[in-house]
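Asks: Single-letter residue listing:
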Amino acid sequence: MRIRALTAVLATFASAAAFAAVSVDNATRELPIDPTGTVLVSNAYGSIDVVGTDENKVSVTVQRIINGADDAAVAAGKDSIDTLFEGDPRVRLIKTIYPSVRDPRWSAIVNCTIRVPRTVSVKIVGGAMDHIRVAQILGNVTINAFSGTIILSNVGGASAVDTVNGRVIFDYPQRPTANVRVHAVNADIDVYAPRDSAFQWVAETLTGELLSTFDIRGLFTGNIYKGHANSAGGPTLTTSSLAGRVSLLAKGTPPTQARRFAQTVRSNERGGGAMPATRKIQIPFIYQQLWGFEANVADVAVGEIHGSAHIETGAGEVDIGVVWGNLIVNSGGGPLKFGDLLKPVDVHTDAGDVTIRVARQGGSASTDGGIIRVLYAGGPMTLRSGGGDIVVQQTAAPIDAVTTSGDISLTVSPTVKTQKMTAKTSQGNVALVVSPTFAADIDALVITGDADANTIRSDFNLTIRREAYNGKTRIRATGKINGGGERIELVAEDGSINISSQVIAPMVISNPRQ
Amino acid sequence: MSECDFMRESMPMLLTESLDPVRREHTHQHIEHCTACSDDWTAYQETWRVLEELPVVEVPARVKDRFLAQIAPPATLPSNVVPFTRRPALKWIAQAAAVVVIAGGSYFTGHRTKPVEIQRTPAQVTSVTPIGAPQSQFSIAESRVLPASLINPNIEGRPDIENVQFERASTNDEQITLAFDITSRVTVTGRPTDKSMVRLMRYVLENEDRLGPSRSRAIDWVKTTYSRPGNADPEIATALANVLRNDEHQGVRIKAVETLKTLQPSVGVSAADTRDALIEALKSDPNPAVRIKAVEALANLARTGAPLDTETLNTLRLKAGQDDENVYVRMKAAEALSNVKP
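Chains as they are written, first to last, in this note's numbering: chain A, 665 to 1178; chain B, 69 to 410.
Rather than coming from a laboratory, the hints here were simulated on the basis of the structure. Since this is a predicted model, take the numbers as computed values, not measurements. Cβ atoms here follow ideal geometry from the backbone N, Cα and C, with glycine treated the same way. Don't take each hint at face value.
Stated by the list, open to error - Here are the simulated EDC-like cross-link-like pairs (lysine to aspartate or glutamate), alpha carbons at most 20 angstroms apart as the crow flies:
#1 A:K1136 - A:E1157
#2 A:K759 - A:D746
#3 B:K409 - A:E1157
#4 A:K1136 - B:E316
#5 B:K329 - A:E981
#6 A:K1136 - A:D1105
#7 B:K351 - A:D1032
#8 B:K409 - A:D767
#9 B:K409 - A:D794
#10 A:K1088 - B:E316
#11 A:K890 - B:D391
Unchecked claim - Residues of chain A clear of chain B, computed beta-carbon distances all greater than 10 angstroms:
#12 D1053
#13 D1107
#14 L1126
What the hints assert, rightly or not - In silico contact screen, one side only, chain A against chain B (beta carbon under 8 angstroms); selected entries:
#15 A822
#16 A824
#17 V828
#18 N850
#19 L906
#20 V961
#21 G997
#22 H1012
#23 D1032
#24 G1051
#25 G1052
#26 Q1091
Given these sequences and hints, build the entire structure.
Replies: See below:
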């Protein structure tokens, strides 16, 4: 039975393979060109090889490979893909045309091999390529692609490469004599040059590495390293990859000897030295009186810090479980997430949400844009958002919450009989929930252009006044609840205020294990 | 002219108290002694009373303007024009004449017209059409509870929906409840995937101005309801995309983009619409949190293998290389690009 089933499966695959079709065809074209002319090549899928020669013409060989489900699909692919030859001897354009909407029945790549006079300038636009190779060209070279390996070999003129993914390789058999600019998002950049080359090196990476076997002398300015090899002067090699590795290697030296240029991560946990630039730092436990961590770009995840911590990141996520001491975090961007914070905290991010499960002794949390969520505040807290909600699920201490735009929601612990609270939003609603026995002096103010939609609702008996103010309506509710107490100030512009009295279950916070 | 005729002519002026004292006294004495004139005087008084009870009709502005234009005196009167002098006595006479005409006309009409009589004909039932279920009567009530199946998915016009509240109708989360004020309190109950419920939710999300304060709560609720597997609906994604594009509150936009991030990727027009809204937010929203969540949502799309169009790729590429953009946004853009499979 098994053999029969296996035979059936094999037969099915064999028949499917028998129906699948592949078509490979070639076309050749020769075009005259001026020695100082420009060759433009555009191809979205496949490869491009441009080689400089001593001839005064452009020789193009186009290989079209089409895979289809059947012959009809291949025929459809052939009809859909074409290569255009346009221009004049000053500018030659070789462009492969693909249909704007892909037909799932077939796929195709086009491999272009182009021989040009070595003195011409070359401009290439590629998509998802297997490779782009330019060799023995003395004119300027410009390449813009999405992915694939880009190889520039023995290019004498100025060159510029812009790509996203893949790899960029510069190979200089002779000393570089013209400026180079490579800009990549995720691609690695490798530059090979003779050991005695003299050039300026400007390199940048945010999460990747800068490596070199040259004797480079220079300095970091922010994320950018500027230095020179061998002697000052010479052309400038600008290599920038946001998330990729940049390496500058002298020919004849093994990459393992490359020196790392790192300014990106410092941690006093490892003796104050530089750590390799890593996207993610994960440490389960830190036993240290004060753990300092500084990173240009890194995601930081720490389970427990048995001591205080000071973290500075240019960007990245920060996720810390328990901190027994004080906590200071300053992030240039990225969400901050904290579990149980036993001592006062001071955390800030330029952009992103801030989530604190428990802030036993309060502190301050701020974001230039994002939501602030605090599950439990045991100490006074100052919360600031440049735009986003502020939510405190339960507080047993004073809260001072201000947001530029967003709702503020505060729930006061039933264990507190009176407490000072301030909540101000420039665009949004304020909701305050207290227990029926909570006592306070309420001062709530709504400033709105739509007095019907925005109003003050209260479960307590408050004195409400309305007045016109600068074309808007000011609704003010004041009064003492349960005989009066600490002052509660609530301000909502273009929003409502809701003060409600509910029976609240006190939050039970268990102590972390020492 | 007999004395009675003379007295009848004086009656309108007597009615308006325009007669001089001597003549007024004389007229009153005649009416007391003359039965015919006494009857006429009583009729005059009755008509005058009825006229007072008639509603005052506002003169249309157009007629008033035309009239004033006709009677307005020129700036300087020509020398041959004699100014018109008011004669109150004649005015009252004219009013009294009008009263007489109206009263006489009413009297004539009342006595000369007969009531129309309709011949009675017996009713006959020609055919009977049975109905399947009893017709539900429209109830006049302070609050009404309706199943979503009874709601037409097509919301006509722009009804003014206020005080929107969301609840779960049952513990198994299969039923949801949306309550709001329209002309009375209406509560609609149904499954989140019911078309009427989706349309109602979309209307609540997209309707501007008056729903502003409650929109953020609506988005919170949508997030918890429609992020569940099986509940995702393209119309909800479209509504959130519209909120992300149009709402002036940054806090609301943050919630909208965060909710879009949690919704399962949709297909078709809705997917393109969502993607366009995310790109727009990533390009130009002033709040960095919105841009972060937008780029994270696009990164999620790329991670799932969803094809990204050229516009999306270009925007991500632009953001990754934009020096003045927040580094975290740049990193997320790079991350999204690294997952793209062209």
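Asks: Indicate, hint by hint, whether the structure satisfies it.
Replies: Comparing the hints with the structure gives:
1. A:K1136 - A:E1157: Since the Cα atoms of K1136 of chain A and E1157 of chain A sit roughly 10 angstroms apart, the hinted pair holds (cutoff 20 angstroms).
2. A:K759 - A:D746: 8 angstroms, holds
3. B:K409 - A:E1157: 46 angstroms, violated
4. A:K1136 - B:E316: Holds, because 18 angstroms separates the two Cα atoms, which is no more than 20 angstroms.
5. B:K329 - A:E981: Given that 20 angstroms is the threshold and the Cα spacing comes to 17 angstroms, the pair holds.
6. A:K1136 - A:D1105: 25 angstroms, violated
7. B:K351 - A:D1032: 18 angstroms, holds
8. B:K409 - A:D767: 16 angstroms, holds
9. B:K409 - A:D794: 13 angstroms, holds
10. A:K1088 - B:E316: Within the cut-off at roughly 18 angstroms; holds.
11. A:K890 - B:D391: Given that 20 angstroms is the threshold and the Cα spacing comes to 17 angstroms, the pair holds.
12. D1053: 6 angstroms, violated
13. D1107: 20 angstroms, holds
14. L1126: Per Cβ check, L1126 of chain A is outside 10 angstroms of chain B; nearest 19 angstroms; holds.
15. A822: At about 20 angstroms, which exceeds the 8 angstroms cut-off, the nearest Cβ of chain B leaves the hint on A822 of chain A violated.
16. A824: Since the shortest Cβ distance to chain B is 13 angstroms, the answer is violated.
17. V828: 5 angstroms, holds
18. N850: Holds - the Cβ of N850 of chain A comes within 8 angstroms of chain B, reaching about 5 angstroms at its closest.
19. L906: Hint on L906 of chain A: holds, closest Cβ of chain B at ~5 angstroms, below 8 angstroms.
20. V961: 6 angstroms, holds
21. G997: This interface hint holds because 3 angstroms falls under the 8 angstroms limit.
22. H1012: Constraint on H1012 of chain A not satisfied, violated at 13 angstroms.
23. D1032: This hint holds: D1032 of chain A lies near chain B, its Cβ roughly 6 angstroms from the closest one there, short of 8 angstroms.
24. G1051: 4 angstroms, holds
25. G1052: Hint on G1052 of chain A: holds, closest Cβ of chain B at ~5 angstroms, below 8 angstroms.
26. Q1091: 5 angstroms, holds
Violated hints for the displayed structure, listed by number in ascending order: 3, 6, 12, 15, 16, 22.
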